[in-house]
Amino acid sequence: MCGIVGLLVKNPALRSQLGALMVPMLVGMTERGPDSAGLAVYTAPVSGRQHKLSLYSGENQVEWSLLLERIAADFAHAHEIAAHGNHAVLTSAADPDLLVDWLGRNAPMIAVLSVGQSIDLYKDVGAPADIALRYGFKSLHGSHLVGHTRMATESAVTPAHAHPFTAGRDFCLVHNGSLSNPHLVRKRLEPLGIEFETDNDTEAACRFFEWRLREGDDLKTAVQRGFSELDGFYTFLMGTDQELLIVRDAFACKPAVVAETDDYVAIASEFRSLAHLPHISHASLFEPKPEEIYSWRI
Amino acid sequence: MANLRPVPEAREFDLARGSLRDLNLYLHKQAAADGVSQIRVKNPDGAHSIACGLNADLDVQIHGHVGYYVAGMNMHATVTVHGNAGPGAAENMMSGRVHVRGFASTAAGASAHGGLLVIDGDASLRCGISLKGADIVVGGSVGSFAAFMAQAGRIVICGDAEEALGDSLYEAVIYVRGRVRSLGADARFEPMADTDRAAVKNLLAQSGHAHDPAEFRRVASAKSLYHWHADANQEY
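Protein sequences, first through last, are from chains A and B. Heads up, the first sequence is in my numbering, so the first residue is 1 and it goes up one at a time. Heads up, the second sequence is in my numbering, so the first residue is 1001 and it goes up one at a time.
Since the hints were made in silico from the structure, they are not lab data. Among the clues, some could well be false.
To be verified - As a list, the in silico DSSO-like pairs of lysine-lysine whose alpha-carbon atoms are at most 30 Å apart:
#, chain 1, residue 1, chain 2, residue 2
1, A, 289, A, 10
2, B, 1042, A, 289
3, A, 254, A, 220
4, A, 187, A, 220
5, A, 138, B, 1042
6, A, 289, A, 254
7, B, 1042, A, 254
8, A, 220, A, 289
9, A, 187, A, 254
Given the structure is predicted, the values throughout are model-derived calculations rather than measurements.
Turn these sequences into a full structure, and let the hints guide you.
This is the structure we're talking about:
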């Protein structure tokens, strides 16, 4: 069992309240996912050639300002870092692939959680309320987000196994359910040079969709292909810099409810995570139908 | 002669202020003793297992949306949800009446033995799965696998049905008014008899849904799965 939450604000005036609206949604899914939680939030994109890297050091103490100095010594670009305990967002005009390589070689204790121009990513083990407090989720701004509370069934409880999973740029996915053929998917993708970071079933789905996006599919087409490639139970919620998308497998064993108003689209595994939202009594409520793709653009 | 019975009182629970456990304890242990037969529940906000396991002639009115298992295992009570219901509404109901005014999620009425479940809106997948004798009336449409392995009871579907309606049915009977995307293994359309039309008329009247019973089709088991066929090659 796991909990998923998603929120996209249509009314730009609500972007400053994105985190505050979301925290009760995430905490509301604690019973479905008490062991870890995570969140991808999409902000206004950084400009030009800049990218953002969400970095996570776990138990390791990292002196982020020193890290920034070391990066500046090797990359002649503008960089800045916004640190929050064991989490930091590095904004840099350097090639993000080169930066990820550099971090792997020079700072292997740091995990790169996401790369993109809009996405910031947080995930950790612990109760959702504690994680929300730890990373200041309440004060996050942005246009949309994808969140998850995890009750591990398929693999270990570690920050790396927590959701959202990311691949490529500005793409993330969370999953409620379990896939039965993740190893086959992985065997298919690895010869294409696609590298995996964990043994988690959800990572296979995330990398499959991202591979299809790089091959030229739009997200809906990629998800459509997933119907025949991914076997198992799932409610997937995905984000790109422009879009929020939800899909359930043909048996729809894993729940989801959508609430839509003129101001927002809110998605959760259960209504109890939506009950606090403004004007919820006037929202249009529905459950996504099996193998139907629902998406909203910012 | 004057009626000396005390007038039954109504009682209100606000789940935004009080606990779900207090509500269910009251419904189980106290309501009948207090002579309270009407209970109004405010702000359910998707909570699970509201009014589960009731065993008395109570009238529970829930104003808002509920989560999993509302009125599960119900006996005798009338439970009305003025909103939508999560998975497993009225699962294993034994008797009484459960009325969901909005839509119901998966497995509504699963394994229900008796009583009447009314869903005014749509029901999601697996409505009436393993039904064991209850009646279900769905005002809207049902998702796939409705009445899967249903053993006894009746399901009236005023709208459409998705895939595999009545798969592996036993003795339960389905009446469907709209389009059926596909029938499940061993389910078949059968002619409507006068008794079928009377049954549909009666269930529609009980549930407050006005349709002409003549518009409904009967789906029941062809009973070809009742006995083992060695040469069936497991291709059902």
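Self-check item: Structure versus earlier hints - violations, ascending order
Solution: none
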